[in-house]
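If you read the protein sequences in the order shown, they are chains A and C.
Under the numbering used here, think of the first position of the first sequence as 1, with each following residue one higher.
Under the numbering used here, think of the first position of the second sequence as 1, with each following residue one higher.
Keep in mind the hints are simulated off the structure, nothing from the lab.
Glycine included, C-beta positions come from ideal geometry on N, C-alpha and C.
Accuracy of the hints is not assured; some may be wrong.
Now the in silico label distances, taken between C-beta atoms and shown as ranges [said to hold, decoys possible]:
| hint | chain 1 | residue 1 | chain 2 | residue 2 | range |
| --- | --- | --- | --- | --- | --- |
| 1 | C | R57 | A | D41 | 45 to 53 Å |
| 2 | A | P55 | C | L577 | 41 to 49 Å |
| 3 | C | R668 | A | P55 | 45 to 53 Å |
| 4 | A | D17 | C | G24 | 32 to 40 Å |
| 5 | C | Q78 | A | D17 | 25 to 33 Å |
| 6 | A | P55 | C | E685 | 32 to 40 Å |
| 7 | A | E20 | C | P60 | 18 to 26 Å |
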Amino acid sequence: MVTESPHVTSYDAELLDRAEALRADAELMDEYARRLRATADTLAGCPAAPEWSRPTLQRQAAACITAAEQLRAAAQALHTHAAAGD
Amino acid sequence: MRADGTAPGRPAPDGQDARDLLRGCAREVVDVAEGIRAVSARTSTTLFTPALTASARRRPRTGLPAQWALLRALTGKQGLGGSAVTAPKGVGHVLGAAGEVLGRESLAALVAVTSLRLRIAAVLVDHPEFVRDPGMRRLTEAVTTDKDLAAVRSLRALFRDQGAQRALSGLAPLMAELLAIRALLDEDPHNDETGWALATGRELSADPLHGVSAAHLAGLDQGEGAAEAVALTDQERQVIATKGSFLGFLRNIEMLSTNGRILLQNVRGPDGVVRYVLQAPGMAPGRPRTDSPQDFVGAWRNLFLPDSPYTRSILLALRDYGIPRGADLALIGHSEGGIAVMNLAQSEEFCRTYRVTHVVAVGSPVDNKKPADPRTWVASITNQHDIVPVLDGRGAGSAFDPHPNWYEVDYTGPTHEFPLSHMLHEYIEHLRTVVPEARERVDEALTPYRGPVVRTQAYQLKDRANPPEGYPFLTLPTTSLPTTAGPVDVPVRYYDSSAAHLCFPVDADAARALLPGVTWMTPSRLGRRALAVLSLYEHRCTTIGPYTEISLSVLVDDLWRPRPYDVALDLLRRVDLRRTGRYVVSLAVTSEEARAVAREIWGQPAVRVSAEADLTGRDLAVRSPELGLAVDGRLGPGARCPEADWILYGRRGESTIRTLVRAHGGLRLHSGGGIRLRLDTGAAEPLAGHLRRLGIATARPRLVLTCPQFMLHRSAGAVLPR
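Extracted from the complex, chain A is given alone in its bound form:
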């Protein structure tokens, strides 16, 4: 006979919350990418800005976008796992 853990339901609810939080964090990462690109554009108009600054910020913005995609994928996987239940 298989016994059910009393925490399973609460665990799944927690995981669903965490999946939502991951999605919100993915949105945040998109926002960070936008802010880094805006900073790079601001620096483009400053002659004293170091040459490395724009490509570096663009690269880091791209990393934020990648991180956002990966967080969404993780959120989806977590949601699927939590929704599967027992």
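Based on these hints, arrange chain C on the given structure of chain A.
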């Protein structure tokens, strides 16, 4: 690219606007970095939450992909990065620490470093003079590289290099940024919080960088350090202030100089109450010392290590002086003395023992310290051009004021050059003429101490906690010799140097023609050729100050009984028994002190020029526009060699001067194929002329001996009767 990372040919930045814009961007970027860090932390928490761990065990078909997706998000090189995994313990902690140790910085740390690099760029707008600084060159290489990881690697190498730390100490307005980058990038995850605090302007909660913690002070009974009551000289007794005043206390500190003494005084205040004043001098700027902890290296070390023999020694002196429990005590310190007295003031136990009414720190990095007794009145006086006070992390790029209740004066003094800008007599003069209102304000606060001095006692502090700099190799008996540039201690000691010796086979007759016109000095022959050596040195820390040296020498035989193969046989002998040596035919140095020592003590024909040298990596680069000389290229593979002690010969009048040089550091032998020597067509005598006469003006050396970091000492020249 220029040293500040901007491209040549662009219009000069409009100072204020450019600086503000860069700082504004830096703030925006560090905000983003904090946000990314928080996202990483939340994602880590999700990955290691017991809910997921337990349910994944029960339902691995969906649980494992979820865990894998989270791990991928946290460790993806293109995403949040290698060490984005944060967890206080367990697998997560191991993963995060492994990421840091393997050099895979998290995206959050990289973005924070970008912010700091922008702050450095903002500081450089105001300080173009840093382009000439020896530490700046390496820092510039590190912060202007276009690849994040290359910048991280360069910065890590920079912060691991003791010599570079000394050079970087000249970059005071950047110190906050450098400390933060260092904390963020080093392999120690424990000081990451400090790095983030410095990067974001938060108050430091941990104390890994700054002096002795209160807990450490509480256990001082077993601590090292020593204090011995000593008498003042008659002359000192005459100049000691007889009445308490701010400038009087500072003049007392100046009188003590920086030989490891402090002063304790009883002062009867206007209300008739006897109070106590501790006066602590700072470090001796510019040169390392071996007799006390009060040198720049010591101050730097005290900022990074949780250990301060100076503070412990002061406690012993206070105990010996016999100050009654609960008595009023004012602490006045300059430079490292200011750090030490603030260390005391932030100890709860110390403040329970004595009532610390005032702390006045002049030219001290004390911003990150806080007295344990909130009633303590604190004043900090700093000259913006003094590099020492910003060692604690509040640099010119900082917009944070951690102590709104302190009386802080950060004025722009007329003295810009370090170490002059740090000298106490400069501060005293500035308090009289530049910021007299600051003197009046501190004097007003010190009113209870402005009465007749009724007792004075000096204490000699001793540092038993750390061996002297360069110990044991550079721990030598010394003698002071007069030169036109002032007295110089010999042997001259070099604490941190780099060298490359370029060896050229040359025509023996051409080499002979460069030697003095005496019959008994002949070039050593290797077959039918003689050997000329162009030695390039970057001396970053020496007892005669930092300088660059370029010397051309010729190997010569025994002055009395020249024999074939002397050179080969001498290599088997101890250096002090050698008879062959290198006769210095031409020498160029970049400081007046080095020129005077070379000419007057070693009998070498030194001239003073400007030169830049970078000999610390595989790419050698030495340039002296005045000599018209450039050496550059990349070293090929090398092999370890025994350490190279040698004898140098010079001439003074009709005598030959023999100088013994002993070196300690890893020497490597390379083929010279990748290194090229170039002379401008109009290059000036004498070095250029000698190189042309030897036929090596544009030659590649046959061999190159290099030593990227080593210590050496050069004895006083022995006068030979020939």
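For each hint, the structure was consulted:
1. C:R57 - A:D41: 45 to 53 Å: 48 Å, holds
2. A:P55 - C:L577: 41 to 49 Å: 60 Å, violated
3. C:R668 - A:P55: 45 to 53 Å: Given range 45 to 53 Å: violated, Cβ gap about 36 Å.
4. A:D17 - C:G24: 32 to 40 Å: Check passed, 37 Å falls within 32 to 40 Å.
5. C:Q78 - A:D17: 25 to 33 Å: 28 Å, holds
6. A:P55 - C:E685: 32 to 40 Å: 47 Å, violated
7. A:E20 - C:P60: 18 to 26 Å: 23 Å, holds
Consistency with the previously given hints fails for numbers 2, 3, 6, ordered from lowest to highest.
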